[in-house]
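If you want the building blocks of each chain, they are given just below.
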Amino acid sequence: MKRRHTFLVSMLAFGFAFFYIPILSMIVYSFNESRLASVWGGFSTKWYVSLFSNKQVIDALMLSLEIAFVSACVATILGTMAGIALARFTKFRGRLLFSGLVTAPLIMPEVITGISSLMFFIMMAQWIGWPEQRGFSTVTLSHITFSMVFVTTIVQARMLQSDRAIEEAAMDLGSKPWEVMRDVTVPVIFPAIMSGWLLAFTISLDDVVITSFTTGPGSTTLPLLIWSKVKLGVTPDINALATLMVSTVAVGVAIAGVVMNRAERRRQLDEQMAFRANG
Amino acid sequence: MDRKRLALWFDRKGWSDILILAPYVWLLLFFLLPFIIVVGMSVGTKTPTAPPISFGGDYPLINLQGYVRTVADSLYFRAFITSLVSAGIATVLCLLIGYPMALGLTRVSRSWRNILLMLVILPFWTSFLLRVYAWMGLMGKSSWFNAGLTSLWNDIVPASWAVEFVPMMHSNFAVVLVMVYTYLPFMILPLYASLERLDPTLDEAALDLGSKPWQVFLDVTLPQSIPGIIAGGMLVFIPAAGELVIPTLVGDASSPMIGRVISDQFSAARDWPMASAIAVVLLVLMVGPAVLYSHFQAKAEGSK
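Protein sequences, first through last, are from chains A and B.
Position one of the first sequence corresponds to residue 5 (my numbering), numbered consecutively onward.
Position one of the second sequence corresponds to residue 530 (my numbering), numbered consecutively onward.
Derived by calculation from the structure, the hints in this document are not laboratory data.
Each hint should be verified, as a subset may be incorrect.
Claimed, not checked - Computed spacing ranges between beta-carbons, pair by pair:
| # | chain 1 | residue 1 | chain 2 | residue 2 | range |
| --- | --- | --- | --- | --- | --- |
| 1 | B | L604 | A | L28 | 36 to 46 angstroms |
| 2 | A | D176 | B | D728 | 33 to 43 angstroms |
| 3 | A | D187 | B | W538 | 20 to 30 angstroms |
| 4 | B | G617 | A | L28 | 23 to 33 angstroms |
| 5 | B | L550 | A | E37 | 23 to 33 angstroms |
Unchecked claim - Lysine-lysine pairs mimicking DSBU-like chemistry, simulated, CA-CA at most 35 angstroms apart:
| # | chain 1 | residue 1 | chain 2 | residue 2 |
| --- | --- | --- | --- | --- |
| 6 | B | K670 | A | K95 |
| 7 | B | K575 | A | K233 |
| 8 | A | K233 | B | K828 |
| 9 | A | K50 | B | K533 |
| 10 | B | K533 | A | K180 |
| 11 | A | K235 | B | K670 |
| 12 | A | K235 | B | K533 |
| 13 | B | K741 | A | K180 |
| 14 | A | K95 | B | K575 |
| 15 | B | K741 | A | K233 |
As the structure is a computational prediction, the values presented were derived from the model and not from experiment.
Note that CB positions come from ideal geometry on N, CA and C, so glycine has one too.
Excised from the complex, chain A in its bound form:
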């Protein structure tokens, strides 16, 4: 038993070194004085200064955040509706196609989603005159479409675990279907809805391929800006940008982890207390 553990633990160590050495190296070199990415020229924060004074970067960041916020909100509403529908209504006409449409974007290569969205927008512009030009609206639409299915997956999984009897009890006590959903279903699955929103937000914020196809002149998101710079090679200001993004995400994930842990523990405590009070 002992020997097998040694192997597994060393594989874990190797794996985590593999995960984090490139990121750490990037962070270290973001403080490099030298413009050459390969030579260490002493400690400096000048790339951070130049990053914050770069209006292009700030604009792209703001645009990305706007798109991610709007698309995450719409995707969460649509995705939650689809998740509840698929979990609760086991028989309706077209359910097979519906569940297919919900899984397909998950496994569709991004290039294909990107090209099909672009062709769709071009053909629509020809047929009905909309969209007149591509930009914020087309990017947001395409982001909603491919991130809502992630929300659906999360919500559907949570719905299948949740106890249907509470909903039936509410129904028996005279609640109308939509009231049951507002007062019972949604509060129960709310943590799943929140993590769905967060996932949709991150996916949108991170997307390069689909955005590069569906965007138009003047609408450069942060990933697109990085993409156009990175294609030309390694530059120290991208290292600084990467360091900021990685540390923001790390802090965010850590906070979310703590909050969710707490909420979960409180929920368990509440349940135990309720159980004891009734018993």
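Put chain B on the given structure of chain A with help from the hints.
Just chain B now, kept in the frame of chain A:
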């Protein structure tokens, strides 16, 4: 009166209809319709007009040239092979690294496990593009990593094989390496999920009955984790085979992968029928098996 009837309809049927129809119609309109357009485009003919495609008139109504060329033209055929082979190697490497890691995660103490799981997921939340970029920094010919590998190489080989740097960037090796790096969490997480559910008393029973640890692994653990292996394998293989970002940044432009070919045909060559035909073939190759698998999986679970 009408408002009352509307309210009645809403409570009886309308609510559930809206719940189903809103996301359904959205996906039909913005996912299925675009894809149908791609399938339509794939049988069109390239023209110098805008949009650069025609059906009928002076051109054939249904032109299958695009599909013929995906097989007959060695450029496209080789791109398909390069993609499938690179994605396949990356999937196997992810499995070889990810399986022991996932198994290791099930063996460490609970508090450690949560932290380590978080560390597996964390790169997944950071920008994909920047994770690729991190390796561009490491693989470049004058980076500390490359310099280290170079001196290691020069130490162990005869002097005549010595190199100035290890040519890592812009090769299919770089593509596979970065694919393994970026997709490894997709392999570890489903594997961990399926390994965590295994009953440890089965291992003990096998050990008590005289199996050696490696036999326990082969006979007990491995067969039970096959669903996790398949799930992880698909999560790595499918996006890897259609990958566009990684081959563009670190790949070898002379043997492109299929994602890049689709994008180039579409944007640079403005050959929409060709790009669409390749996309349809890629999708049938990728998604066909995945859909079949999940269909049978659902059936097997339903019959239990």
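Now for the hints, and whether the structure bears them out:
{"no.": "1", "hint": "B:L604 x A:L28: 36 to 46 angstroms", "verdict": "holds (40 angstroms)"}
{"no.": "2", "hint": "A:D176 x B:D728: 33 to 43 angstroms", "verdict": "holds (39 angstroms)"}
{"no.": "3", "hint": "A:D187 x B:W538: 20 to 30 angstroms", "verdict": "holds (21 angstroms)"}
{"no.": "4", "hint": "B:G617 x A:L28: 23 to 33 angstroms", "verdict": "holds (30 angstroms)"}
{"no.": "5", "hint": "B:L550 x A:E37: 23 to 33 angstroms", "verdict": "violated (60 angstroms)"}
{"no.": "6", "hint": "B:K670 x A:K95", "verdict": "violated (60 angstroms)"}
{"no.": "7", "hint": "B:K575 x A:K233", "verdict": "holds (32 angstroms)"}
{"no.": "8", "hint": "A:K233 x B:K828", "verdict": "violated (48 angstroms)"}
{"no.": "9", "hint": "A:K50 x B:K533", "verdict": "violated (67 angstroms)"}
{"no.": "10", "hint": "B:K533 x A:K180", "verdict": "holds (14 angstroms)"}
{"no.": "11", "hint": "A:K235 x B:K670", "verdict": "holds (16 angstroms)"}
{"no.": "12", "hint": "A:K235 x B:K533", "verdict": "violated (61 angstroms)"}
{"no.": "13", "hint": "B:K741 x A:K180", "verdict": "violated (61 angstroms)"}
{"no.": "14", "hint": "A:K95 x B:K575", "verdict": "violated (44 angstroms)"}
{"no.": "15", "hint": "B:K741 x A:K233", "verdict": "violated (54 angstroms)"}
Of the numbered hints stated above, those contradicted by the structure are hints 5, 6, 8, 9, 12, 13, 14, 15, listed in ascending order.
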